[in-house]
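Protein chains in written order, with my numbering: chain A, 1 to 281; chain B, 1 to 332.
In case anyone wonders, no lab produced these hints; they're calculated from the structure.
Idealized CB from N, CA, C, for every residue including glycine.
There's no promise every hint is true.
Listed next, with one range per pair, are the computed distances between beta-carbon atoms [said to hold, decoys possible]:
| hint | chain 1 | residue 1 | chain 2 | residue 2 | range |
| --- | --- | --- | --- | --- | --- |
| 1 | B | R135 | A | A224 | 28 to 38 Å |
| 2 | A | G3 | B | R72 | 54 to 64 Å |
| 3 | A | T214 | B | P4 | 31 to 41 Å |
| 4 | A | A178 | B | G189 | 53 to 63 Å |
| 5 | A | A257 | B | S75 | 52 to 62 Å |
| 6 | A | G203 | B | S75 | 51 to 61 Å |
| 7 | B | T10 | A | S276 | 46 to 56 Å |
| 8 | A | G3 | B | A136 | 16 to 26 Å |
| 9 | B | A136 | A | A224 | 41 to 51 Å |
| 10 | B | A136 | A | I2 | 39 to 49 Å |
| 11 | A | A260 | B | G188 | 48 to 58 Å |
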Amino acid sequence: MIGVELAKLARRPRGWVAIGLLCLLPVVVAVFVAVTHLAPPPGQGPALLSAVLSNGSLFPAAALAIVLPLFLPIAVAVVAGDSIAGEASSGMLRYLLARPVGRTRLLVAKLISLIAYVLVAVVAVAVTSYITGRLLFGNAPVALTSGGVTTNNVVANSLSGTGLTPEDVLFRTLGAVAFISVSMLGVGAIALFLSTLTDSSLGAALGALAALITSEVLVALNAASSISPYLPTRYWLAWLDFFRQPILWRDIDRGFAIQAVYVLVFLAAGWANFASKDVTS
Amino acid sequence: MTSPAVIATTSLTKRFGAVLAVDHVDLDVRAGDRYGFLGPNGSGKTTVVRMLLGLVYASSGTIEVLGSPVPRRISAVLPQIGALVEAPSAYGHLSGRANLALIDAAGPGPRGRRNRKRRIAEVLDRVGLGGIDDRAVRKYSLGMRQRLGLAAALLRSPRLLILDEPTNGLDPRGIREIRDLLAELNAGGTTIFMSSHQLAEVEQLCTRVGVVDRGRLVLQDELASLRAPTGRVIVRSPDAGQAAALLDGRVVQRDADLLIVADAEPDAVNAQLVAAGMRVTEIAAERRSLEDLVLSVTGTGSDRVDAGSASRSTGRQANPPEELAETEGSSR
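The task is simple: from the sequences and hints, build the whole structure.
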């Protein structure tokens, strides 16, 4: 069943188009920055973008920062929201269950294909932007920015201003990819849960996005600071701490923990609902 | 001789909130039956079918399919069932073959990975889609989708076929083909449980019928005994006037050249008429048509909403089966 789900996901053009667009957006940004050499000053605009001009190998991280706030969650919510609701509205849910595919099995297969999708999307963005970054910035003469140190093996500046070796950049980028994937899985779990509640995939996807937007608003609201540590988007940007010297693990750890809780809670709720509901679609 | 029960429900009941969709239904389908499941729209047929397949959970009552309790042992039961529930469904962007391959691969067991291609070709052939190309299902006609749905139901050579409106969307030739196919499968030992609005269809194919009305099973019997002669003879004669006089007292009803005679033996009536020199163009024992039967035990479907009627309460006096034989009234 897992293989079947992956095959279905792979054969659906929609998912690939979304990943294509995700990869395209950082490229567009990169082209503009490369042509004009006008990077936003440090601390403004998408994170890390200012550091990119000096070296392209930081661009994957910058690219992830560009797609993280909106595009990536939308793509994930659409795929996850479609998982059960899409089968219900196409009328295939009853045939799958009557095949039979156990309800728990179906849900697990959907979850695994969702994880695969998230990983492919995040890694695709990282890889294409690495290539873009190397092509547009990597071979250009290194333009020293203030505070930047450059020696033969120091290729990039961390946010704290100390140099990073290529191995460092690779390791930290992988850390960021993992962190972002887990955060997206949190989004996916919410959408998957909603997908078991409704027969409308659009409704499930929008519901998950609404939850995220609510969370963003509350995170930015001082009056809501008492609950902000428990909001799903509170630690979304914590992966930037991978690019500090030394790495600031505190928020990263909390981010992983809070997403794990969201994933578990919503998957459990989704399972409880789906396993006991009447399939009338 | 009674065959083992293939579907047996006792007091099967389903409530959706305040609506009683299925009300104490005791289905009894035996091995080898061709069972026609009839009833007006919204009478609970589909809900019963969904409960048999474990899609909807019963509020109370028990279900046994192929000897196993449902939904407790559903995973042991379903692999032996082929189902078509309401409309057929498929992934529109894939071809019919790809759809069958996916649905087959989704099922349990490693069996068939090798011979999947052959089995798919086989079932496509059976339902008359043997020469289908690679176009997407989205471009199929309604009849083709119906055939594809049947093909999916037949994929694993089921012992029991549960079909909801299997001939929906097919033209007369297609209906005939599917009927022949179902008869052939049944002859090979497959039990068929089908719901349909096409009473003529059911009449030609089924051996047993069950009729639901407003969630209750109001009739369940062998079609042959339901359609036993009524003890009346229908005579058509250009000399109807004289014939009526001759058969004095036994004529129940007369309509131009048509007479309905209270007599169980058409041959005797015929002999009497011919002996008296009367011309007879048609003569036959009267049988109730399935349509009359169904209409006599059911009320209006839920899709008809009359002004000012409390549609759920009217017509509750549907005749219980025992009274059927006494049901009078024009059956022509």
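Here is what the structure says about each hint:
no.	hint	verdict
1	R135/B with A224/A: 28 to 38 Å	violated (54 Å)
2	G3/A with R72/B: 54 to 64 Å	violated (28 Å)
3	T214/A with P4/B: 31 to 41 Å	violated (58 Å)
4	A178/A with G189/B: 53 to 63 Å	holds (56 Å)
5	A257/A with S75/B: 52 to 62 Å	violated (36 Å)
6	G203/A with S75/B: 51 to 61 Å	violated (30 Å)
7	T10/B with S276/A: 46 to 56 Å	violated (23 Å)
8	G3/A with A136/B: 16 to 26 Å	holds (22 Å)
9	A136/B with A224/A: 41 to 51 Å	holds (49 Å)
10	A136/B with I2/A: 39 to 49 Å	violated (25 Å)
11	A260/A with G188/B: 48 to 58 Å	holds (54 Å)
Comparing the model with each earlier hint shows violations of hints 1, 2, 3, 5, 6, 7, 10; every other hint is respected.
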